Amino acid sequence: MMLDDATLAAFVDGELAPDEAAAVEAAAGGDPALAARIRRLRDLRQGLAGAYDDALTEPPPERLLAAIRAGGSDRDKVVPLAERRRLSPRRLAGWGAMAASLFLAFGAGLAVTRLAPTSPIGAGPAGSLVARGALAVALDRQLASNQAATAPVKIGVSFTATDGRYCRTFLLRGAERLAGLACHDPAGWQIAMAMRTETVVGTAAGYRTAGDETPAPILEAVDATIRGRALDAAEEAGARDAGWGARR
Amino acid sequence: MPLDEFQQRLVELLPRLRRLARALTPQGADADDLVQAAVERGLARRGQWRPETRLDAWMFTIMKHAWIDETRARSRRQRYAAPSEAAEAAADPLAPSLELRLEADAVRRAVARLPEDQRLAVALVLIEGLSYAEAAAVMEIPQGTLTSRLGRGRAAVMAELAGTAA
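Protein chains in written order, with the numbering used here: chain A, 1 to 248; chain B, 1 to 166.
Chain B extracted, bound-state conformation (with noise of 0.2 Å):
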């Protein structure tokens, strides 16, 4: 039985799917985990989405539900844990000459130290290249919250990378 519309498109947004996933789950064997949940629900769900409005917000808004979810029980923990390193660091400015240690291991790293609500907006815009508008629809939050929440996982990204290489 060949995809049909809908199917294809999904295939075709499964690469980018995925590097979302990646970004959100720390533990690489997750990833496609969440990516096969977002895409059941996504299939389940199917008659809600308008062909006028862009399927890949339109999944990445499932895929958030899913890893919600998914990790309820263990961001309530990380919540309640210690202050993280990389907050420390965004409070401990470095020169701002310092070079970026860009490596994609110490990157994914830092994210994977970021608060969820930061790490996803990091992920969404910088990673996934959304608009704000369109992280803010997908994480369903107001556009300057989204903002405060990139600035604050943008700044700790950074100095987690500055931090390193010194």
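Isolated chain A, as found in the complex (with noise of 0.2 Å):
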């Protein structure tokens, strides 16, 4: 039985079906060179995994650690310089034209549906866009963690923003399907930031995006303005129950 590295291999990770092992440990049994083919296979696998053991037997640093802690729900402890820097006008700013770009991606199919009195989005005061409709209803009520598969808006990720504001992901399944995120303030969801998902294929970060998935360009605005980390549930309902407030 003539064996080819790439099937000792496979055999040696466990890959092979049951047959296919049975048969090379049976022709192993009569063939000291191929024995010790299969032996120097599985002293190479143990011999990888040993030299890497010290990692699962040291305790991990303590900046790991506090790295988990600080995307846990003490939001409110000391915001580290790097997510200071995020404060800044420039950085709003160009967000700001990140967004509009993405809206002029839209074309006119947008400039007619925001006419239109059903459009999930509207014109707020001084230019701004505001939520409408469902789309309204939905990031005023809508909890992420209890929501009908079927409903026509998914909300994605909620969080608290850099400059206070509660934010919040959302996806609108109807016809149109449009991605966005949109931020509280007293004159209620201004939207942030809005794009068709059936156009994007947005790798940025090597992610794909996929039917419900929220588009990349989207999360990372998130990462560019979030706070912290994600609400969790109980803070996601906290935050709706109270109104959604901004947080200082």
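Calculated directly from the structure, the hints in this document are not laboratory data. Since the model is a prediction, treat every value here as computed from it, not as a measurement. There's no promise every hint is true.
Stated by the list, open to error - FRET-style restraints, in silico, Cβ to Cβ: (1) B:104 with A:5: 23 to 31 Å; (2) B:52 with A:14: 17 to 25 Å; (3) A:60 with B:2: 14 to 22 Å; (4) B:2 with A:20: 47 to 55 Å; (5) A:148 with B:103: 52 to 60 Å; (6) B:54 with A:21: 22 to 30 Å; (7) B:141 with A:27: 25 to 33 Å; (8) B:145 with A:58: 28 to 36 Å; (9) A:66 with B:30: 36 to 44 Å; (10) B:54 with A:36: 30 to 38 Å.
Built from N, CA and C at the ideal position, the CB exists for glycine as well.
Hints are included, so try docking the two chains, each in its own frame, into the full complex.
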């Protein structure tokens, strides 16, 4: 029985079907050279895993535990320098420009639908765009932790932005699939950015965008503006029940 | 504030994240930086993780992206560098009966010399123990590509470990 390296490697890796594995074992039983090749491959696997074993037994450094804790519910701790920098007007201006360009990408479609009374996005004060209708209701009331798979609006992640406002990502499942990010202020839910999802193959960070996934450009906007980590289910419900008042 | 369940599972996963990071990052000090970057990204994107899927594979994928981002420039330089000694050693088969030198230092050096795509395949399958299908999913490549990278990586490590003993 001639066995190539790839087959032997798959055998040692546990990737052969049971009958193939049994055939290799039977062949090795009567072939010391083959048995030696298998032993070498096993030794190599063991040696490789063993060479990095100390990572499994060493206690992790405090800074890694701190990084995990910082992603927890204690958002009101001192804001790290990197996040304070995010508050700079320049950064926020850049974000606005990004949102604007994404809106431009809509083309005429949005200009028309914006005027329709049933449009989910309408004109707000001072040239802003605000959520309306079902989108506004969903942003106000719907909890990501408890929403129907067929609901017309899917809420993604809710978080506190560095400017203290609550923000939520959303996905509209209607005829026109829109994904976006809205932040709450006294005038309602301001649309910070929105985009058609069909046209997005955003892989900026290597993440595929498909179906109900939040497009990468929106996740990047979240990453750029989030304070701490996203709200968990209890915090989301608490913020909703408190009317999404900004946290300073 | 106690850790929530997601955070708790990340803490439990830390040793394996550190092991993978050490295999990927030849300089030990960089390994924990990579773990930290992956942990922070994972927490920021926790809403995307589906509880019915494996958290380790999800975090490995995030770590892969962080690793690629941070080493893109370095890996580009490596790609255009002269063929590595490991590749030359692989082209020069040694007597198969020769014992492998499996001291941890020698193994880590051999892994560090692998091209980055082969190193990732070796780390996920041979060090972290993922199946071919799981490793291919983490690397976001077809399984045939994974097995070919793994095969070349394994052959190079083996040749180097046999070669240094000669």
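Right, here's what the structure says about each hint:
Range check, residue 104 of chain B to residue 5 of chain A: Cβ separation about 25 Å, and the 23 to 31 Å hint holds. Distance hint check: the CB atoms of residue 52 of chain B and residue 14 of chain A are about 24 Å apart, consistent with the given range 17 to 25 Å. Evaluation of the 14 to 22 Å hint for residue 60 of chain A and residue 2 of chain B yields a pass: the beta carbon distance comes to about 18 Å. For residue 2 of chain B paired with residue 20 of chain A, a C-beta distance near 49 Å keeps the hint of 47 to 55 Å intact.
Restraint check, residue 148 of chain A to residue 103 of chain B: a C-beta distance of roughly 58 Å satisfies the suggested window 52 to 60 Å. The hinted window of 22 to 30 Å between residue 54 of chain B and residue 21 of chain A holds, with their beta carbons roughly 24 Å apart. The given range of 25 to 33 Å is respected by residue 141 of chain B and residue 27 of chain A, whose C-beta atoms sit roughly 31 Å from each other. A C-beta distance of roughly 33 Å is found between residue 145 of chain B and residue 58 of chain A, which places it inside the suggested range of 28 to 36 Å.
At roughly 18 Å, the beta-carbon separation of residue 66 of chain A and residue 30 of chain B lies outside the given 36 to 44 Å, and the hint is violated. For residue 54 of chain B paired with residue 36 of chain A, a C-beta distance near 35 Å keeps the hint of 30 to 38 Å intact.
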